[in-house]
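S.K.: First to last, the sequence lines map onto chains A and B. The numbers in the first sequence follow the working numbering, run straight up by one, and end at 616. The numbers in the second sequence follow the working numbering, run straight up by one, and end at 616.
Treat the hints as calculated values from the structure; they're not laboratory data. A portion of the hints provided could be inaccurate.
Said to hold, decoys possible - Among chain A residues calculated to face chain B with C-beta under 8 Å, some are:
hint: 1; residue: 374
hint: 2; residue: 376
hint: 3; residue: 379
hint: 4; residue: 381
hint: 5; residue: 425
hint: 6; residue: 427
hint: 7; residue: 428
hint: 8; residue: 469
hint: 9; residue: 473
hint: 10; residue: 476
hint: 11; residue: 477
hint: 12; residue: 482
hint: 13; residue: 486
hint: 14; residue: 595
hint: 15; residue: 599
All C-beta atoms, glycine included, are put in the ideal place defined by N, C-alpha and C.
Protein chains: 2
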Amino acid sequence: MSTAAPKNLVYKFTNDCSDPELFAKWAPEIEKYRAALAANTLDEYKSEVPEFADDAVFNAVAYLYDNKLLSEDEFKLTDTPATELVSLMGKGLLTAVEVLKAFAHRAVICQQFTAFAMEFFIGEGLKRAAELDAEFAKTGKLTGPLHGIPISLKEQIGHAGKITNGGWVGWLTNIPKEDAVTVTVLRNLGAVFYVRTNQPQSLMHLDSNNNIVGRSRNPYNLKLTPGGSSGGEGACVSFGASPLGVGTDIGGSIRAPAAFSGCWGLRPSTRRISTLGGVSSGKGQESVPSVAGPLARDLDDVDLFMKAYINDGKPWDYDPWCIPVPWRSLEKPDPKQITVAIMYDDGLVRPHAPIARGLKHVAEKLTSAGVKVVEFDPIRTKEAYETVNKMYSCDGNFFQKDMVKPSGEPLLPLTEWALSFGDGDKSYSVVDNRFLNVTRDSLRKDYLDYFVQNKVDFIISPTYVGTAPVGAYDGVEGPYYWGYTSLWNILDLPTLVFPTGLHQDPSIDVAEKIEPRSELEKIEHDKYIPANFRDAPINLQLTARRYFDEETVAFGKVLRDILELKH
Amino acid sequence: MSTAAPKNLVYKFTNDCSDPELFAKWAPEIEKYRAALAANTLDEYKSEVPEFADDAVFNAVAYLYDNKLLSEDEFKLTDTPATELVSLMGKGLLTAVEVLKAFAHRAVICQQFTAFAMEFFIGEGLKRAAELDAEFAKTGKLTGPLHGIPISLKEQIGHAGKITNGGWVGWLTNIPKEDAVTVTVLRNLGAVFYVRTNQPQSLMHLDSNNNIVGRSRNPYNLKLTPGGSSGGEGACVSFGASPLGVGTDIGGSIRAPAAFSGCWGLRPSTRRISTLGGVSSGKGQESVPSVAGPLARDLDDVDLFMKAYINDGKPWDYDPWCIPVPWRSLEKPDPKQITVAIMYDDGLVRPHAPIARGLKHVAEKLTSAGVKVVEFDPIRTKEAYETVNKMYSCDGNFFQKDMVKPSGEPLLPLTEWALSFGDGDKSYSVVDNRFLNVTRDSLRKDYLDYFVQNKVDFIISPTYVGTAPVGAYDGVEGPYYWGYTSLWNILDLPTLVFPTGLHQDPSIDVAEKIEPRSELEKIEHDKYIPANFRDAPINLQLTARRYFDEETVAFGKVLRDILELKH
């Protein structure tokens with residue numbers, strides 16, 4: 050078992066921010082934080098779960114259903130989309146307290162399996178739910194379009210009065226006085242909060258491990274990562290511990306978790322959902338801005354979230370970054386009028402067998418449904434990958450190190466990997482940064498021209514080389530290659546992760562022998578040992594033109610029909 | 050007469066890009082360019098204009114009417130808003146050729162007085178107009194919502210097959226193969242091009258002087274500058290040489306020209322009008338992005354331009370920077386529902402007498418009409434001014450110098466001034482730039498909170514300390530202080546320059562004795578010698594929340610009514 054990133058790919062980074070002596074002083078803070086998490090993972094919601102090894106191939110979702118860890122009513126309620134829950138509450142057929150209790154039960158079980166949470170506050174949630182119920186009883190009116198809906202939040206999103214650490218030990222003493230805009234907006238809409246979810250140190254892994262609460266696991270296969278950086282969200286939503294969760298994404302951090310754990314996840318275009326308030330290393334960085342967006346088990350709930358957040362929440366009244374543009378409710382388009390291009394390989398790191406199977410499956414289904422399907426010939430993907438990686442680190446890792454320094458915490462292997470992106474510690478000048486932006490803008494123009502001139506509506510691509518990879522085992526820890534997701538970040542194109550309905554099957558998805566085109570491709574391929582990946586969801590990405598977020602979701606519904614996914 | 054900027058304010062800039070020997074080699078290119086301009090200022094459109102000294106206080110607009118330099122029909126036609134011209138052409142009551150001929154006549158006279166143009170191509174425009182007429186005769190249909198409308202373009206906007214120099218001598222050999230997006234979009238809409246307008250060296254003066262065709266003059270008072278950097282546009286549109294012009298604005302470059310020469314001018318929010326294609330030093334700079342927008346003598350034409358450009362032109366099909374958000378046609382709001390805050394003084398450099406009179410006049414008129422008028426207490430204006438100035442030069446002047454180097458041309462005093470903004474030649478790191486952005490974002494948040502929490506709809510402010518200042522005379526050349534315009538650039542708020550209907554009058558607008566709060570305030574106030582400014586238009590700025598561009602234009606129409614401006 051290796052714990053370090055491959056040294057030969059880590060070339061321009063010096064760890065001058067870790068300090069074991071200083072870190073030792075933070076032990077009490079970490080201990081206190083863990084103790085609070087343990088204490089607030091309320092015993093009354095726990096179930097008997099089997100012992101499992103830390104690297105067990107074990108499907109917790111199947112176990113949940115097979116062993117009926119919830120009551121019939123709880124299953125029914127937590128398997129109901131938020132859209133319908135609101136409607137039932139509006140008719141007085143369900144209370145917010147009932148809803149939260151069921152999800153809290155499922156969430157605590159999820160925690161027992163996946164360690165997806167950083168903080169539980171179920172009591173506070175129940176109090177809020179009771180207030181909503183009282184208000185409804187008095188007025189007969191819902192507080193808002195998300196009335197009584199339990200929403201899980203990535204921990205980095207600032208929460209007034211609660212530690213907000215973003216995965217950095219040194220922020221364990223940070224307690225914001227004000228809520229992040231997203232918390233304010235969702236609360237105004239009637240949402241109920243009860244859990245904040247795990248994320249990696251640096252917020253720059255497609256994995257979720259940190260020195261505070263450790264790593265989270267994938268609910269469909271506990272040996273695998275739930276992805277990152279919104280990996281707690283991916284595990285939470287996919288397990289059904291919340292009907293809706295909020296993640297953030299600067300390189301794949303909503304989409305890898307949604308894809309790895311097996312739910313829907315939307316990376317909207319920039320400026321639609323607020324990222325103001327909270328902890329991150331990205332302040333003032335606008336070459337490739339982070340976005341926030343929803344994860345859900347039902348696509349209608351993605352739509353509900355976007356519409357409610359934007360049209361009723363009016364985030365532009367709180368955050369000048371957000372554009373006051375309504376969410377357009379679109380009908381599903383006629384498949385016969387749509388052209389989809391499929392990216393089978395980005396030319397840099399080809400997908401593993403299960404992803405290749407997923408792409409082929411979707412292409413066939415789309416073709417049968419009358420969609421025009423063409424092959425996408427990747428455009429300047431190498432340049433895009435190299436440019437976006439330089440953008441991540443062009444501050445010479447100043448802000449990341451600045452987040453580490455207060456605690457001196459040791460760096461995890463994937464943090465070392467992230468700090469080695471681009472030119473690592475090399476501090477860029479403003480002029481260098483502008484040239485990166487010029488390259489980016491030229492890439493955006495080329496992709497726009499591709500869409501417009503070829504009348505292509507959508508591109509479907511892998512979210513990652515494989516399904517969820519293993520965590521820190523077998524010498525191949527974590528996912529290194531982000532090219533499939535970060536491409537859409539540098540282009541700022543709305544991208545929806547969707548389930549194909551397929552899961553990895555070691556007997557079908559055998560390892561292919563490939564002639565690697567690069568060391569990175571070799572590393573990513575060597576880690577595909579089929580038996581490790583059993584039951585891992587096979588999800589893909591759907592991408593459209595910038596600000597065609599609504600078109601993306603509307604066609605997602607067509608995909609749902611065509612792929613016969615459960616509603 | 051001084052030709053240099055005040056040395057004690059120019060502190061962090063070294064001229065290492067001018068090279069007299071190299072520059073001498075460019076004399077033939079400059080000569081050729083000037084000769085083409087002279088030759089294409091067609092004699093057949095010229096009128097007898099009086100001799101005037103280069104520093105004459107002389108009202109060319111009054112002269113035009115008083116001496117009937119156009120025929121009655123030409124006056125009628127060129128004084129008709131574009132909105133109405135299109136309608137008349139749509140009814141077959143007017144041809145595009147007739148329209149262009151009248152404007153070309155007025156434009157050539159404008160050139161005789163103000164030297165506003167860099168390039169005329171009236172013949173090409175007439176050919177295009179004839180084609181539009183032929184198409185209309187055949188189909189009975191207009192080509193688009195700007196069918197047959199002569200539109201003047203700031204020269205920096207790339208034009209296929211035409212020299213595009215942006216005011217830099219070294220770009221006199223630059224002939225783009227492709228049109229800028231704005232040229233493509235406007236042509237698709239039916240616009241007719243015939244003239245490209247003057248701008249300053251560096252595109253960073255609120256004046257329009259360069260080493261190619263020299264300086265332009267203000268049509269209402271030839272002693273004064275028409276402003277800059279879209280100064281040629283300001284002179285052109287205000288004189289009636291075109292009904293609509295396109296400028297760009299990174300610190301006041303649409304608004305100073307509109308205000309100084311006396312027309313309407315809209316600085317839209319970013320991403321609505323394309324700036325893709327053309328010559329500038331701003332590539333990849335997104336801390337305070339440049340925007341493009343219209344200038345017009347009639348506000349309805351500003352509305353027409355925005356609506357046609359956005360809704361019919363769909364710039365997002367060509368430029369990924371543009372957001373696909375329709376222009377909303379709004380009714381004029383009820384004045385009694387509106388709150389306007391007036392900024393009488395930004396706390397740094399107080400306005401001259403005529404501007405103070407204009408603000409008071411507008412406040413009184415608004416109050417009489419039932420608008421709630423409050424006083425705006427400036428928010429962090431010093432920080433905003435210092436931050437935006439650092440943003441302009443934080444590349445250590447790399448890109449500006451890069452534009453100068455090919456020709457080695459001498460720097461004009463206002464270029465020296467611009468290159469001394471912020472920390473001048475000091476090259477910032479990415480980290481420094483991000484901290485500037487953080488300050489900017491916090492300013493944006495404070496201004497947003499001001500609007501929302503005080504229920505203020507609009508802020509009215511000076512466009513500049515005074516009316517148009519003199520050019521390079523009396524030891525006080527040019528406008529130095531940009532704080533009143535650049536404030537809205539760093540905040541990215543839509544801002545409409547509007548006429549108050551008033552003009553400077555030396556007998557009313559006497560010089561006030563002030564106790565200067567800074568050297569800059571002293572310099573700006575010392576230059577107010579009332580007799581120099583006779584007849585200068587008194588225009589102001591109307592600012593709203595980000596992306597409330599439509600609300601700004603709609604309330605502009607209310608202002609027009611209240612101020613009893615001619616339609």
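S.K.: If you test the structure against every hint from before, which numbers come out violated?
M.R.: Structure breaks hints 2, 3, 4, 5, 6, 7, 8, 9, 15.
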